[in-house]
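Keeping their order, the protein sequence lines are chains A and B. Numbering-wise, the working numbering puts 48 at position 48 of the first sequence, and it's gapless, one number per residue. Numbering-wise, the working numbering puts 210 at position 210 of the second sequence, and it's gapless, one number per residue.
No wet-lab data here; the hints were simulated from the structure. Glycine is no exception: its CB is placed at the ideal position from the N, C-alpha and C atoms. One or more hints might be untrue.
[Stated by the list, open to error] Under 8 Å between C-beta atoms, here's a sample of chain A residues computed to sit facing chain B:
#	residue
1	Ala34
2	Val38
3	Arg109
4	Ala126
5	Ser129
6	Ser186
7	Val223
8	His227
9	Trp317
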Amino acid sequence: MSSPPRPGVRSVVLRSGVYADSVRLMQVSRDIGARDGVSAVLVAMATPLNLELAAGMGLAPEEPATPEQLLVAIAADDDAALAAAVAAVEAALAERQRSTASAQAVPARTIGAGLDALPADGPALAIVSVPGAYAVAEAADAIAAGQSVLVFSDGVPVEHEVALKRAAHDAGVLVMGPDCGTAIVSGVALGFANVVRPGPVGLVAASGTGAQQVSCLLDMAGVGVSHVLGVGGRDLSEAVGGLATLDALAALDADPATERVLLVSKPPAPSVAAAVSAAAAQLSVPVRSAALSAQTPDLTAAVEALLGDLGVAVPEWPSRSGADDGALPGAVLKGLYSGGTLADEAMLLAAPVLGDVRSNTPLRPDLDLGTDLAATGHVVVDFGDDALTVGRAHPMIDPTLRLEAIDRLAASGEPAVLLLDVVLGYGADADPAAALVPALTAARARTTLPVVVALVGTEADPQGWSRQADALAAAGAHVFASNAQATRHALGLLGARA
Amino acid sequence: MSLGQLLSAPPAVVAAGVDVFSASLRAQGAEVTDVDWRPPGFGDPADLAALVLDPRRATANRTAVERVLAAGSVLTDVRPAREVLRLADRTILHAGPPIDWADASGPLRGGLIGATLFEGWASTVEEAERLLAAGEIALDPCHHHSAVGPMAGITSPSMWMWCLEDPVQGGKAYCNLNEGLGKVLRMGAFNEEVLTRLGWMRDVLGPVLAQAVRSMAEPLDVKAVLAQMLQMGDEGHNRNRAGSLMALRELSPAVVGVDAPSSDVAAVLRFIGGNEHFFLNLGMPTAKLAMDAARDVPGSTMVTVMARNGTEFGIQTAGTGDRWFTGPAQTPVGLFLGDYGPDDANPDIGDSAIMETYGVGGFSMAAAPAIVRFVGGTVPDALATTERMYQLTLTENPAMAIPILGFRGSPTGIDVVSVARTGWLPQINTGMAGRVAGTGQVGAGLVQPPRECFEQALAALAQEARAA
Numbered sequence: 001m002s003s004p005p006r007p008g009v010r011s012v013v014l015r016s017g018v019y020a021d022s023v024r025l026m027q028v029s030r031d032i033g034a035r036d037g038v039s040a041v042l043v044a045m046a047t048p049l050n051l052e053l054a055a056g057m058g059l060a061p062e063e064p065a066t067p068e069q070l071l072v073a074i075a076a077d078d079d080a081a082l083a084a085a086v087a088a089v090e091a092a093l094a095e096r097q098r099s100t101a102s103a104q105a106v107p108a109r110t111i112g113a114g115l116d117a118l119p120a121d122g123p124a125l126a127i128v129s130v131p132g133a134y135a136v137a138e139a140a141d142a143i144a145a146g147q148s149v150l151v152f153s154d155g156v157p158v159e160h161e162v163a164l165k166r167a168a169h170d171a172g173v174l175v176m177g178p179d180c181g182t183a184i185v186s187g188v189a190l191g192f193a194n195v196v197r198p199g200p201v202g203l204v205a206a207s208g209t210g211a212q213q214v215s216c217l218l219d220m221a222g223v224g225v226s227h228v229l230g231v232g233g234r235d236l237s238e239a240v241g242g243l244a245t246l247d248a249l250a251a252l253d254a255d256p257a258t259e260r261v262l263l264v265s266k267p268p269a270p271s272v273a274a275a276v277s278a279a280a281a282q283l284s285v286p287v288r289s290a291a292l293s294a295q296t297p298d299l300t301a302a303v304e305a306l307l308g309d310l311g312v313a314v315p316e317w318p319s320r321s322g323a324d325d326g327a328l329p330g331a332v333l334k335g336l337y338s339g340g341t342l343a344d345e346a347m348l349l350a351a352p353v354l355g356d357v358r359s360n361t362p363l364r365p366d367l368d369l370g371t372d373l374a375a376t377g378h379v380v381v382d383f384g385d386d387a388l389t390v391g392r393a394h395p396m397i398d399p400t401l402r403l404e405a406i407d408r409l410a411a412s413g414e415p416a417v418l419l420l421d422v423v424l425g426y427g428a429d430a431d432p433a434a435a436l437v438p439a440l441t442a443a444r445a446r447t448t449l450p451v452v453v454a455l456v457g458t459e460a461d462p463q464g465w466s467r468q469a470d471a472l473a474a475a476g477a478h479v480f481a482s483n484a485q486a487t488r489h490a491l492g493l494l495g496a497r498a
Numbered sequence: 001m002s003l004g005q006l007l008s009a010p011p012a013v014v015a016a017g018v019d020v021f022s023a024s025l026r027a028q029g030a031e032v033t034d035v036d037w038r039p040p041g042f043g044d045p046a047d048l049a050a051l052v053l054d055p056r057r058a059t060a061n062r063t064a065v066e067r068v069l070a071a072g073s074v075l076t077d078v079r080p081a082r083e084v085l086r087l088a089d090r091t092i093l094h095a096g097p098p099i100d101w102a103d104a105s106g107p108l109r110g111g112l113i114g115a116t117l118f119e120g121w122a123s124t125v126e127e128a129e130r131l132l133a134a135g136e137i138a139l140d141p142c143h144h145h146s147a148v149g150p151m152a153g154i155t156s157p158s159m160w161m162w163c164l165e166d167p168v169q170g171g172k173a174y175c176n177l178n179e180g181l182g183k184v185l186r187m188g189a190f191n192e193e194v195l196t197r198l199g200w201m202r203d204v205l206g207p208v209l210a211q212a213v214r215s216m217a218e219p220l221d222v223k224a225v226l227a228q229m230l231q232m233g234d235e236g237h238n239r240n241r242a243g244s245l246m247a248l249r250e251l252s253p254a255v256v257g258v259d260a261p262s263s264d265v266a267a268v269l270r271f272i273g274g275n276e277h278f279f280l281n282l283g284m285p286t287a288k289l290a291m292d293a294a295r296d297v298p299g300s301t302m303v304t305v306m307a308r309n310g311t312e313f314g315i316q317t318a319g320t321g322d323r324w325f326t327g328p329a330q331t332p333v334g335l336f337l338g339d340y341g342p343d344d345a346n347p348d349i350g351d352s353a354i355m356e357t358y359g360v361g362g363f364s365m366a367a368a369p370a371i372v373r374f375v376g377g378t379v380p381d382a383l384a385t386t387e388r389m390y391q392l393t394l395t396e397n398p399a400m401a402i403p404i405l406g407f408r409g410s411p412t413g414i415d416v417v418s419v420a421r422t423g424w425l426p427q428i429n430t431g432m433a434g435r436v437a438g439t440g441q442v443g444a445g446l447v448q449p450p451r452e453c454f455e456q457a458l459a460a461l462a463q464e465a466r467a468a
């Protein structure tokens, strides 16, 4: 501790009628002691304890002191430093403290804290897009707070999903997800969703792009949606057993705004599909299934059937004609998709006509492409598959991989018809045609490459369906609002008929 | 299934993770709160998952924290440790988790030496050191005896103890009498002045207080005093001015009524009035009563003890009984007396972090803006500290209201899981003892526990949750 003061000068003064609390005085002592040329400082009320400290520092006052007096004791290297230090003490004691501005708001670090800070009235929803291993804690916060949660995160262990969905069921709330990218709740579009009109149809969706296709076609037919409740791609698997689907159906059944329900999914586990059908039959709201399968391969057909239920005429689905390249009999189908369900739909429609279609998300395990995205023959690639989105954004945001694949296809010289999806709406690329048009133009300049685009969106989307469709058609692409129609058109160009 | 009105009106959204969603939600005019999420500060993700999914946890934590809130605290007696703790001869209690002489830091050694001299077990410092080093004097944590002690927490058989009871749940807790500031045993000083004062406390202060407390028609409601302190600029750990004056006011009539020489009565009142930390030794057992009421609740992840022995920081949780989870004690940051500096300070020491465990002290910093200046901070810093602590804790204690926060209750019941998830460690206000035995107090400031304590507790709680 105390080293003896360096040789120099000192000032030890007792002042009466000055009081500052001990914390303030300790601050002053510290600040003055940090000045150049000051070797020791004690500014303190002259209590016996402080006088003892001063004596230990060689700075004891010569005259008797009382505890009501302020001791200002300073040792410095020279007179100038001493005078400056004495003046600094005076200034510090006279200084008015800064005003007490209100606290910097402390941001919530967890969903629990964030929900806690909301005003008590009105519904709330949590959105979780943290890395999958940590999503369970955030989602569990929402359930504990009695709120529903949309889990966008992927990589969430299935046992977490099951536990969360059971807890949510018990708490009377819904877990949308994990890996749920699309929902519309009371008019609020969450994640990748389109600007669609409000209306009587509730969607329960185990598939994001499937829900987007269906809700956009309904909108184009003049029919709106009440809610789109995503449940996550695994919900209809054996492991999860449709826990969220059953709760979402029950919620829509109780919702006065929902008059009909459409269930959209990739192929479900048969036992789960049966359980969901049985549950749906018990509801007062009519439920129609748009679950893709080899027998029901067509989302557009499901929408048309629903329109029939509603007594609404099926419109001519919007489309744009592209360049007339003539048919390419014997060429191969190259489907380069960003939406997994749309890719599935294309394969389900193509397979009966073309035979086996290979894919990174194949209909049968033996059709797996593995990592060879440039394989020859009929191929459909889902660029949105988790394996291709590691370390990069979803292809609906970052088109790089798909643009490279288009370039590679044109360079390969393999005669082909190119089938693409372009998904519009919130969360998607602000102008997908801007990147796609130069790539298509370059590819078509190099080789004969008919292009067919399934353009999923609405006029009201930020990107505007017509604006995008016109730009793509000007580049030679045939554009369809319906993915099923787009696929059939591509099959027609291959000389095949679906 | 109504989903809590989710489908009836546009929901307010709280989002954690990538903010691309929030931007498009705002573009739609939705009300969005972005969580400042970050990966947990520590802990295996699988352990965290096991705990957040443990179906017992919510109920267990509610049970634990409700016991904390329900606990009362009244002063029932003052008695020597020998009698009330049934302390065996040649036993000294100390602060924090268990430790032996070899690992003891300077101030703890100083306190042990002082107590050994004070009890007459040795007549010289060297003899005391020899006895202690040979293990001929047993050491045990205060916490193992329903007791707490500030700083070194040195409690030997002849020392008088405040005896407090929880009239609601029946618990008992004990704490020695505060010696004042400067060269004191609890800061590791053991010179003649210290031993003389301890002798006076044994011979005069203790007996007078015992008679006074026993004569009071209504026992002193210590919890009520603690609650009032927060209304008066104290936080109950580093600032006890109002509480000490209130204790003096409550005890004075009884002290004056004691059958003792008037000079002794005057000395007792002068001693109490001259020690602005006098109340700390009443506040600590009050917090101890509340936290002990929450012991042994399987599945609860709430912290019941935070305590330091000058070498290690230890915590216990409601779900893991009396098991200690320890890590190296940190050195506080703050202001120093005289020309003491950071190199003179010993690592963190004392059971007084029981105050923060209870939700006051550093957790209620907003109630005592003066305290934040110990680290050169500002009043907004004090408010922000308390705001952060709300995110670590299970509930708010309505009995401990913080005026500047609109009388919001103090943040109470530290959840190990929340500590991991936020990455924020509990904030503790503390005194600083000199590193060298015999020095005494060198300053006061702020300190945090080492994260290792919480890391170990999290792993142990997760293991227990999986086994349950």
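Interface hint outcome for tryptophan 317 of chain A [beta carbon to chain B under 8 Å] = violated (26 Å)
When the nearest CB of chain B is found for alanine 34 of chain A, is that gap smaller than 8 Å?
-> At 11 Å from the nearest chain B Cβ, alanine 34 of chain A fails the 8 Å test, so the hint is violated.
Given hint alanine 126 of chain A near chain B, where the shortest CB pair must fall under 8 Å | Holds, about 5 Å.
Given hint histidine 227 of chain A near chain B, where the shortest CB pair must fall under 8 Å | With a minimum Cβ separation of about 6 Å from chain B (threshold 8 Å), the hint on histidine 227 of chain A holds.
Serine 186 of chain A as chain B interface residue, shortest Cβ-Cβ below 8 Å | This interface hint holds because 5 Å falls under the 8 Å limit.
Against chain B, with CB atoms and a cut of 8 Å, does the hint on arginine 109 of chain A hold up?
-> holds (4 Å)
Once the shortest beta carbon distance from valine 223 of chain A to chain B is found, is it less than 8 Å?
-> violated (18 Å)
Status of the valine 38 of chain A interface restraint (C-beta, 8 Å, chain B) = violated (11 Å)
Holds or violated: serine 129 of chain A as interface residue toward chain B, Cβ cutoff 8 Å?
-> This interface hint holds because 3 Å falls under the 8 Å limit.
The structure fails hints 1, 2, 7, 9 (numbered hints given earlier, in ascending order).
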